Amino acid sequence: MDRLINKENVSRRMTGRILLNLIFKVLFLLATMFGLFVLGVLLYRIFTQGIGSLSMDFFTNFASRKPEEAGIKAALTGTIWLMGVVTPVTLILGVGTSLYLEEYAPKNKMTTFIQINISNLAGVPSIVFGLLGLTIFVRAFAMGQSVLAAGLTMSLLILPVIIVAGQEAIRGVPKDLRAASYAMGATKWQTIVRVVLPAAIPGIITGAILALSRAIGETAPLVVVGIPMFIAFLPKTIFDTFTVLPMQIYNWTSRPQEEFQAVAAAGIIVLMVLLISMNSVAVLIRNKFQKRY
Amino acid sequence: MAVNHGSEQSIQKMIFEKKQQKNKRWNVEKIIPFLLLITAAISVLTTVGIVLTLVFETFTFFERVSIIEFFTADKWYPFSATAASYGIMPLIVGTLKIAFIAALVAVPIGLASAIYLSEYASEKARRIIKPLLEILAGVPTIVYGFFALTFVTPLLRDLFPGLEIFNALSPGIVVGIMIIPMIASLSEDAMSSVPRSIREGAYAMGATKFETAIKVILPAALSGIIASVVLALSRAIGETMIVSVAGGSTPSMNMDVTSSIQTMTSYIVQVSTGDAGFGTTIYYSIYAVGMTLFVFTLLMNILAQFISRKFREEY
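The listed protein sequences derive, respectively, from chains H and Z.
Residues in the first sequence are numbered from 1 upward in steps of one, following UniProt numbering.
Residues in the second sequence are numbered from 1 upward in steps of one, following UniProt numbering.
Chain H on its own, in the form it takes in the complex:
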């Protein structure tokens, strides 16, 4: 019997192909799990290494030459000070730029240039921003290794992130809302302040938190700017010198004594808890308040 479709032949060929599909499905799944597995190992290792050094004293002590007395008082306070400078500067510059690009900018070469410039700026290694901060803020403007100099450097570093997030949020506000506002006699700026910004604010805040959490974890630019790693006092103004958590961790990590590794791990736990809670808040805001029009 000569049939058009030879069932045996087909099924023989298909088993191989279906098996291949299955094998690769498992391989692809394993590859996906690999990243998550490493994340798990990393968190577990750091937790077990550092939990022993985590105590109340760890938060209230300054850095010390003795590992058992070392604490993060200066570093944690410094991180908060740094955020005190970075948050307002990036919010004003970031939201301002995204408003300009989305609402006001004419469609011309200048605007395209600004847009391309921002996306290229996002790809510049953070250490190069450190060189910029060292030359312009620390030396040319004579700010020294201050909270202000470091804060401005960090602000420029995360600016592209917040601009892109702001632009996406503003673009997500539908034209109808704007048109309705204009129809009521509102001017452009009134429309922006009372209609566009309130609707875009969840997206902007989410982007801002993610950008700030990047600034909290960055080390390289601050190393180049020359922020000290060993400090036993707190800054009183933004013109004082200071240190931050990642710098303190870097200092402890690069010490040869084994005991400091535990202290470094404890510092990392604090840093990671800070970052993960910030990220959770960002995701929460995104899921809770972001309206779909």
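Misleading hints may appear alongside valid ones.
Claimed, not checked - Derived BS3-like pairs (lysine-lysine); straight-line CA-CA distance at most 27 Å: (1) Z:K310 <-> H:K107; (2) Z:K209 <-> H:K7; (3) H:K188 <-> Z:K24.
Just so you know, these hints were derived from the structure itself, not from any lab.
Note that the structure is a prediction, hence the values are computed from the model and not measured.
Could you slot chain Z onto chain H? The hints should help.
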């Protein structure tokens, strides 16, 4: 009449006030765009600042060290008091070693993850896995550095007894892990944007999911995938803390990955944490190295944009 007169006056007054208000409003309307333009200009000024800073300080460096030596000499001995040599090649070799090892780790794993997420995973699984991978991307680099030095290096030394404490292998692998989410996420975006109809066309011809992914989706999304790899490698080249903590500080030209190396970024860190004073040749050398790094990453970013724009398949 007196009442009428009063109301006339007040209407006039109201019109006058309204006009004034309107004037004020118009002023705001004119000032605001200008203020916003200034904030937008800051981002351009930042780029200008970076370029000018690097160019000026690099020029000062080249007044002391010849540009030919910088690019051709094969030794980087800036700290030698008697025979200082500034040849950037060893630093570039160290940087490329890290990027190469990172690519070996991140390209297969990142691509496989992207294929799984885009072609195999259910919507629910994707919604759980993607944010978790994003956490991996958000881990600070100093934490990765600590992980490389205290976990990956000892682990590798158990496997390869000849490995030095500071080597290229361990930070290379960890940089690779760091850029996995970037390749996975960007490639997944590229694959997901291949239209459903093409995918279903392949299924209708009897292709399995694997065959569809490899023979149909991958070629269709290739420009986005290559762009994601180039972007991720540019991140690997600019990565600083992992290589500073776990890579050591020995500039070398050899292809050995088991011994201590120095990258462009870790050299800048070494000088910044050391005590080379302002105005010394060593001080200016970090700008020349930073300039080289900047040009490397800028070219790669432009290449990535060019690839994704030029070779995009339009449907």
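Now for the hints, and whether the structure bears them out:
The straight-line distance between the Cα atoms of K310 (chain Z) and K107 (chain H) is roughly 22 Å, inside the 27 Å bound, and the hint therefore holds. For the suggested pair K209 (chain Z) and K7 (chain H), the alpha carbons sit about 22 Å apart, so the restraint of at most 27 Å is met. For the proposed pair K188 (chain H) and K24 (chain Z), the alpha carbon gap of about 14 Å is at most 27 Å, so the pair holds.
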